[in-house]
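2 protein chains.
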Amino acid sequence: MQNNNKRENAMMSAPTPFDYTPLLAEGLPPAAARWNGFPKYNFVGGNNDADQVPVEKLLAASTSVLTREGATLATYGLNSGPLGYRPLREFLVGKLKRDAGITCTADEILITSGSLQGLDLVNGILLSPGDTVLIEQECYQGSITRLTRRDVNVVGIPLDKDGMRIDAVASALADLKAKGIRPKYIYTIPTVQNPTGTILSEQRRGELLKLADDYGVPIFEDDCYADLIWNGQRPPALYAMSKTANVIHIGSFSKSVAPALRVGYIVAPWNVLSRIQAIKTDAGSGALEQMVLAEFCAAHFNDHVPKLARGLRIKLEALMEALAEQFGTAAEFDDPPGGIFLWVKLPDNVDTMKLYQAAQAAGIAINPGTEWSVNARHSKSRLRLCFASSSVQEIREGVAALAEVCRREFGVPLRSANMERAKG
Amino acid sequence: MQNNNKRENAMMSAPTPFDYTPLLAEGLPPAAARWNGFPKYNFVGGNNDADQVPVEKLLAASTSVLTREGATLATYGLNSGPLGYRPLREFLVGKLKRDAGITCTADEILITSGSLQGLDLVNGILLSPGDTVLIEQECYQGSITRLTRRDVNVVGIPLDKDGMRIDAVASALADLKAKGIRPKYIYTIPTVQNPTGTILSEQRRGELLKLADDYGVPIFEDDCYADLIWNGQRPPALYAMSKTANVIHIGSFSKSVAPALRVGYIVAPWNVLSRIQAIKTDAGSGALEQMVLAEFCAAHFNDHVPKLARGLRIKLEALMEALAEQFGTAAEFDDPPGGIFLWVKLPDNVDTMKLYQAAQAAGIAINPGTEWSVNARHSKSRLRLCFASSSVQEIREGVAALAEVCRREFGVPLRSANMERAKG
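Listed in order, the protein sequences are those of chains V and H. Going by this note's numbering, the first residue of the first sequence is number 1, and it counts up by one from there. Going by this note's numbering, the first residue of the second sequence is number 1, and it counts up by one from there.
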């Protein structure tokens, strides 16, 4: 009795934890799940090849720049102001000219905390709830969810092997104009599109720019995979080709150097960039990362990127071979000209959202098509496989394990690769 | 004629630059002005003492952590997941226990890109337009502008030498309740308040927590100056004293190590932190800065901070002496127990917004009181002076120059220090 009373008293006096639920803003995403480490076979996320992080050169860059300028860390924005570390912007002026044909000054570049902050900032100056934008029908999930969270209407433009279909852009713009709707922008990843891997042809770029001018709709060009092209050949950026400054361009060092560094950039004319800078209220992006990157890139970027791309190409080939071996004709895909992902079509009866769940339970992470598309019907049997962070061995094992899950759940591929070989 | 025609043709064919104006979202802040470097006498911003950036130790930390773990930069979030680099969170578990009395686990800490991102994230899960919050009447400008931009109603609570006045909190909560309004939070910088420099007494902390519990209003505790206290003595954090987990706590390394690094943190129970993590869609904060900080702090934080504080105290004394010398009794202030700023009252006829403009023209940057307060009448003749980034010599010269401007504009101080001395 006494014990019971004690326990009761303890329970009565234990304070009730505060309930935040009634105070939460409306429309929040669900609570995050606890992170439990990476799955055994990880084919998601823009992670890169750990063996290709230029650790020694980053370390040397860190040492030299800290020795020379470390004391400037005492000042927000170093001695460069709110646009970001000036030597990094100056490196970008040269890089953008050489690689993308862009002519700009260091004062038309804003360094951001990854290109994701770039997305947020551009959206921040242009979008209000109820607005309309055009995007590629298959598209980076982070761009789609950002638009959804802002209650923006999304018109998806289908792609073919040359990227966004310009006839579809023309129809969509005409339809919207007939309804009195002026879209806020046309968002495109024209150079190694995510997830399809396509490169918008130069001719289509010209046509897209003309449409954008005709309809008074700016282009939002996301170029963050453009450095990783096997043959190093790419058309000029839309930003470079525009005659009317109707393009806002964003890019990143996540794919070309290291994603964990969180350094991206926005290129825009000052009349736009000054509006963007005004809503970048973070007191600057991380200075140490900008300093180390600037120091590294000035000396090594041009050598590092082709080497990185060669290594990624080897992994892509391993992935394509493993898919052919394990899935046979059940897995359809184009050999992409660059990037870190492969967009795969499975037979129509495969629902990749269900495959994703079953694979997750088996320690395999994939991106289901519907999360990377605004056309659920088109993407239902498609999936995105990232190949940069796994080893060739993991790619082979992971694809075999995925085929096993897919066979169990959907009956395709019909037989395992080994059985087929044994029969053949 | 021919020349004119040519020019006319060229003008006609020059494409009109795209006009973004009609596409901009409503309610944007004005365009940013071009950055033109720092003023000669810079008494604004949370900049720190360049001579006290521990460059060599940061460099050693960078070298050891990159050598050991540099390859993990290939992965978003390193191998630590979305809450941030685990060794840094583990350092914070010990630091928060020792310095602030907070008991928490590494999974109740989210690393942010500066405490400004912490402000945005906490606001993001709690605030909608039309909501009401309580804040200290004199308050960090970045917190005030964030609330204004979200169309949130702000109720200012006056402060005295022991910080926020709890009687005023009680009245405000009762008034709001009578109107059927439940505020979303009580925001406070209880430990070295910005700009007043006050420390909320332990007794008041208990009273504030009780009021918060009684009214069902959580406390948002911003502790980002709390490391810089001359005698190292501080009351426990509100987070530590709460029995009901009704406090969200944020902090920063900006003031204790280096502001340009952009590393802060949020401490909250997981049921709150999981909502916050869900809206942190930036793919992680900068990894290199987290790694270098964790490595540096584990070895040197406890030695570095008191040394930094001693240096800041010397600058504060120089500032107070210069004010006494140049302004005499016209400048009133309390000797703050820590921090990097002094909150100064000038005679009632001085409008510090006008003083700010005149000083700016003379190469002197100050924070006018009305930008750091929600009570324009109370703050009109007050100003904030940051003393961390200027040298003692610059402080002396800058205060003399400011007194000169103030005398010219407002007739106070009556005579220059030299003249007074000559007479005396």
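The reader is advised that the hints may include incorrect statements.
Per label pair, the in silico range of CB-to-CB distance [what the hints assert, rightly or not]:
| hint | chain 1 | residue 1 | chain 2 | residue 2 | range |
| --- | --- | --- | --- | --- | --- |
| 1 | V | Glu202 | H | Ala71 | 31 to 41 Å |
| 2 | H | Asp175 | V | Ala358 | 53 to 63 Å |
| 3 | H | Glu56 | V | Asp151 | 43 to 53 Å |
| 4 | H | Asp19 | V | Glu397 | 31 to 41 Å |
| 5 | H | Ala71 | V | Asp167 | 43 to 53 Å |
| 6 | H | Pro29 | V | Pro29 | 53 to 63 Å |
| 7 | V | Glu404 | H | Pro306 | 51 to 61 Å |
| 8 | H | Ala299 | V | Ser391 | 45 to 55 Å |
| 9 | H | Glu56 | V | Glu332 | 35 to 45 Å |
| 10 | H | Lys179 | V | Pro29 | 46 to 56 Å |
| 11 | H | Pro306 | V | Pro236 | 35 to 45 Å |
| 12 | H | Glu397 | V | Lys210 | 56 to 66 Å |
| 13 | V | Glu409 | H | Arg149 | 40 to 50 Å |
In short, the hints are calculated from the structure, not lab data. C-beta atoms are modelled at their ideal positions from N, C-alpha and C, and glycine is treated no differently.
Structure-based check of each hint:
no.	hint	verdict
1	V:Glu202 / H:Ala71: 31 to 41 Å	holds, 38 Å
2	H:Asp175 / V:Ala358: 53 to 63 Å	holds, 57 Å
3	H:Glu56 / V:Asp151: 43 to 53 Å	holds, 51 Å
4	H:Asp19 / V:Glu397: 31 to 41 Å	violated, 55 Å
5	H:Ala71 / V:Asp167: 43 to 53 Å	holds, 46 Å
6	H:Pro29 / V:Pro29: 53 to 63 Å	violated, 26 Å
7	V:Glu404 / H:Pro306: 51 to 61 Å	holds, 60 Å
8	H:Ala299 / V:Ser391: 45 to 55 Å	violated, 34 Å
9	H:Glu56 / V:Glu332: 35 to 45 Å	violated, 57 Å
10	H:Lys179 / V:Pro29: 46 to 56 Å	violated, 31 Å
11	H:Pro306 / V:Pro236: 35 to 45 Å	violated, 56 Å
12	H:Glu397 / V:Lys210: 56 to 66 Å	holds, 59 Å
13	V:Glu409 / H:Arg149: 40 to 50 Å	holds, 48 Å
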